[in-house]
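Here the structure of chain A is known, so what remains is to put chain W in place on it, guided by the hints.
Here are the chains, one letter per residue:
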Amino acid sequence: GGIITQTPKFLIGQEGQKLTLKCQQNFNHDTMYWYRQDSGKGLRLIYYSITENDLQKGDLSEGYDASREKKSSFSLTVTSAQKNEMAVFLCASSIWGAQDTQYFGPGTRLLVL
Amino acid sequence: GEKVEQHESTLSVREGDSAVINCTYTDTASSYFPWYKQEAGKSLHFVIDIRSNVDRKQSQRLTVLLDKKAKRFSLHITATQPEDSAIYFCAASGGTGGLSGKLTFGEGTQVTVIS
Numbered sequence: 002g003g004i005i006t007q008t009p010k011f012l013i014g015q016e017g018q019k020l021t022l023k024c025q026q027n028f029n030h031d032t033m034y035w036y037r038q039d040s041g042k043g044l045r046l047i048y049y050s051i052t053e054n055d056l057q058k059g060d061l062s063e064g065y066d067a068s069r070e071k072k073s074s075f076s077l078t079v080t081s082a083q084k085n086e087m088a089v090f091l092c093a094s095s096i097w098g099a100q101d102t103q104y105f106g107p108g109t110r111l112l113v114l
Numbered sequence: 452g453e454k455v456e457q458h459e460s461t462l463s464v465r466e467g468d469s470a471v472i473n474c475t476y477t478d479t480a481s482s483y484f485p486w487y488k489q490e491a492g493k494s495l496h497f498v499i500d501i502r503s504n505v506d507r508k509q510s511q512r513l514t515v516l517l518d519k520k521a522k523r524f525s526l527h528i529t530a531t532q533p534e535d536s537a538i539y540f541c542a543a544s545g546g547t548g549g550l551s552g553k554l555t556f557g558e559g560t561q562v563t564v565i566s
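Chains A and W are the protein sequences, given in the same order.
What the first sequence shows, in the working numbering, is residues 2 to 114, in sequence order.
What the second sequence shows, in the working numbering, is residues 452 to 566, in sequence order.
Because the hints were derived from the structure by calculation, they are not lab data.
Nothing here was measured: the structure is a model prediction, and the numbers come from that model.
Keep in mind that the hints are not guaranteed to be accurate.
[Said to hold, decoys possible] With a straight-line Cα cutoff of 20 Å, these simulated EDC-like cross-link-like pairs (lysine to aspartate or glutamate) come out:
(1) Lys42/A x Asp506/W
(2) Lys519/W x Asp500/W
(3) Lys42/A x Glu490/W
(4) Lys522/W x Glu456/W
(5) Lys58/A x Glu16/A
(6) Lys23/A x Glu86/A
(7) Lys488/W x Asp101/A
(8) Lys488/W x Glu456/W
(9) Lys519/W x Asp478/W
(10) Lys454/W x Asp60/A
(11) Lys72/A x Glu86/A
(12) Lys493/W x Asp60/A
(13) Lys42/A x Glu456/W
(14) Lys488/W x Asp39/A
(15) Lys522/W x Asp506/W
(16) Lys58/A x Glu453/W
(17) Lys10/A x Asp506/W
(18) Lys72/A x Asp31/A
(19) Lys42/A x Glu453/W
(20) Lys454/W x Asp31/A
(21) Lys508/W x Asp101/A
(22) Lys42/A x Glu459/W
(23) Lys72/A x Asp101/A
Chain A on its own, in the form it takes in the complex (with noise of 0.2 Å):
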């Protein structure tokens, strides 16, 4: 088995502020991948990668960037914290593509004062 590790685990940031989430899998997965969850809604793509130095918008790219610089990792920058922003950070993985299952970690939760 494998393991997707985030950090961090909290995250607590100014308003208009750079801050960046980290994601690390150790399955050996092409495929990687940023979502956002907010309070009593769905997930939201951010962004994905399908391979080292690939990157794919999502459906909420806005505000954000992303860099896979190796096949392992991939992380996120908020690229300008927005006041009371408060949302869970989900990194997931999968071997291939989004027809095959996602592994998920466990989340970084952002917090914005």
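Then chain W, alone, in the frame of chain A:
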């Protein structure tokens, strides 16, 4: 793009009874429909999926039904147990499949099993 609607936002069932969660999708080209479970305070994990070449799939107490004509799929949980209490998310893959494509998720159904 694909839109997935999950019809029940909450569902309460007595232990031992069955629970059914219904989802509809919009993209006729969608061909992959997984379900994920999120227990309180935890992340999501995969529970079962169905592909468009079949209309029924069962795994222990879970059954997924797919009606392609109606663009509807459902999760049936039989003989519910307290550990089935969680948020369940349905999802659909937007038809491109393989290396590309993405999953679109429904908004989740909170299932509570009452002992």
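Which numbered hints does this structure break?
-> 1, 5, 11, 12, 17 and 20
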